[in-house]
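Protein chains: 2
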Amino acid sequence: MSITRIPIRSGKAFYLNRGEKLKVICPEGEQVSDMFCFDKEDLDNRLSNGKTFDYEESLLLSIGNYLWSNKSDKMLKIVEDSCGIHDFLLAPCDAKTFEIIYKDKQERPSCFNNLYQSLKAYGVEKSQIGTAFNIFMNVNFDWQGRVSVEPPRAVAGDYVIFEAQMDLLVALTACSAEMSNNHSFKPIDYEIISLES
Amino acid sequence: MSITRIPIRSGKAFYLNRGEKLKVICPEGEQVSDMFCFDKEDLDNRLSNGKTFDYEESLLLSIGNYLWSNKSDKMLKIVEDSCGIHDFLLAPCDAKTFEIIYKDKQERPSCFNNLYQSLKAYGVEKSQIGTAFNIFMNVNFDWQGRVSVEPPRAVAGDYVIFEAQMDLLVALTACSAEMSNNHSFKPIDYEIISLES
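Chains as they are written, first to last, in this note's numbering: chain A, 1 to 197; chain B, 1 to 197.
No wet-lab data here; the hints were simulated from the structure.
The C-beta atom is built at its ideal place from N, Cα and C for all residues, glycine as well.
Here are a few chain A residues that face chain B, going by a calculated C-beta distance under 7 Å:
| id | residue |
| --- | --- |
| 1 | Ser48 |
| 2 | Gly50 |
| 3 | Glu57 |
Covered stretches of chain B, as calculated for chain A (at least 3 residues, CB under 8 Å):
| id | region |
| --- | --- |
| 4 | 126–136 |
| 5 | 146–157 |
Dumping the calculated BS3-like pairs for lysine-lysine here, alpha-carbon to alpha-carbon at most 27 Å:
| id | chain 1 | residue 1 | chain 2 | residue 2 |
| --- | --- | --- | --- | --- |
| 6 | A | Lys71 | B | Lys40 |
| 7 | A | Lys40 | B | Lys120 |
| 8 | A | Lys77 | A | Lys12 |
This is chain A alone, in the form it adopts within the complex (with noise of 0.2 Å):
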C-alpha cells in the first residue's frame, strides 16, 4: 500500500480489517494525530480511555499495549513506536476548546469536527466520538495530578504501527491545536499494512 497524506488541520476515515497494521508517521516532527476507532459491525463499541487505562494499568501506552473499547474488547495492539511519547487523556478540541483555552471565537478547524467530518459518512454521529488516542501528544503530569500539555516529542519520520484485533472503522486527524504542536500545524501521513504485503 502506498502512503496517504492528511493535511494541516484536516482528517480522514478508512477501514482496517483485523489482522492489517496502520502505520501512522510524523513526517516534518511535533505534529499530533488524533485518532478514534469502532467496531466495524457496531458503532456503539467504541474507543475507550477508561477501560484501557483499567486493563493495560497504565496511562503511557507505547510497544504491547491495547487499546480497548468501552465494551471491553481489543481493538488496536502497538506493535511499533519510534517516539514512545502518547496521550490517552485529553479530549479532542473542539470549537468550545478553543473558545475556553484559547479565547478564539472565531470559526476554525478542530480535531472533533474533523473526525466527525470524516467519520459522518461512515453513519458515525457526534456523540459517538470520544477521547481520542492522541498520537505524539506530550501531555505531562506530575504526583499532583497537574497536566501540562508540552511540545511532542517526535522528529520527522518518527512512527507508530498498530495491528487492528477486530475489523475497525479509524479516523485520523492532522491536529489543528496551537498549544499540542508547538504552535506550527504540519501535516501527518499514514500506511495500511494488509495481510498480503
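Fit chain B to the supplied structure of chain A, relying on the hints for placement.
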C-alpha cells in the same frame, strides 16, 4: 431533604436541578461510589473525563474543580470534600471487567450494570454511559504512568458536596468491585440539598 441509602452493590438515579447540591456520604468508610450524569435536556451531553482533565488541567479533582461534559459544559462543581481522593481515570466495572481482571465469569453486580439499570427508566442507553467520576476511589499513578487501585482513604462519615451547574440526571452506585473497596462491600448515602433548604 432526607438521606437516601444506596444498598451494597446497587445504584440509584435521580434528577438534580441547577443550583441544587448533592452530598455523597461514605457512611462506613472505604466504599467507592461511581457517579455518572447527563444534561437532563440532552442525553448526548454527558460527563467526560477527557474534557474535565483538559479544562481543569488536573487528573485529581477536589474543592473548586468542575466536572465537564463532552459538549464542554460545566456539569458539577465540587464545593466541599472531606476526603479529597477520587478517581476519574478508570471506567465503571462491568461483567467483562470481572472476567478479565478477577477471572470471575459468574453473573454478579457491577457498577456499569447498576448505572444502566438505574438510568434506563430515564431513557438512557448502555452506549451513552462512559467513564464515571469514581467518588472515594483511590487510584495511584506514578511518573511512568503505572496505575494501581488502592484501598479508599475515606473514613466513616466522609463526604463530597457537588453543586449542579445545569439541570442534570445523575446516577450513583455503591461500587461492586472488591479491589476498589478493600474487599468489603458497604452502602453509600446521598442527600439532595435543595435551594430552599
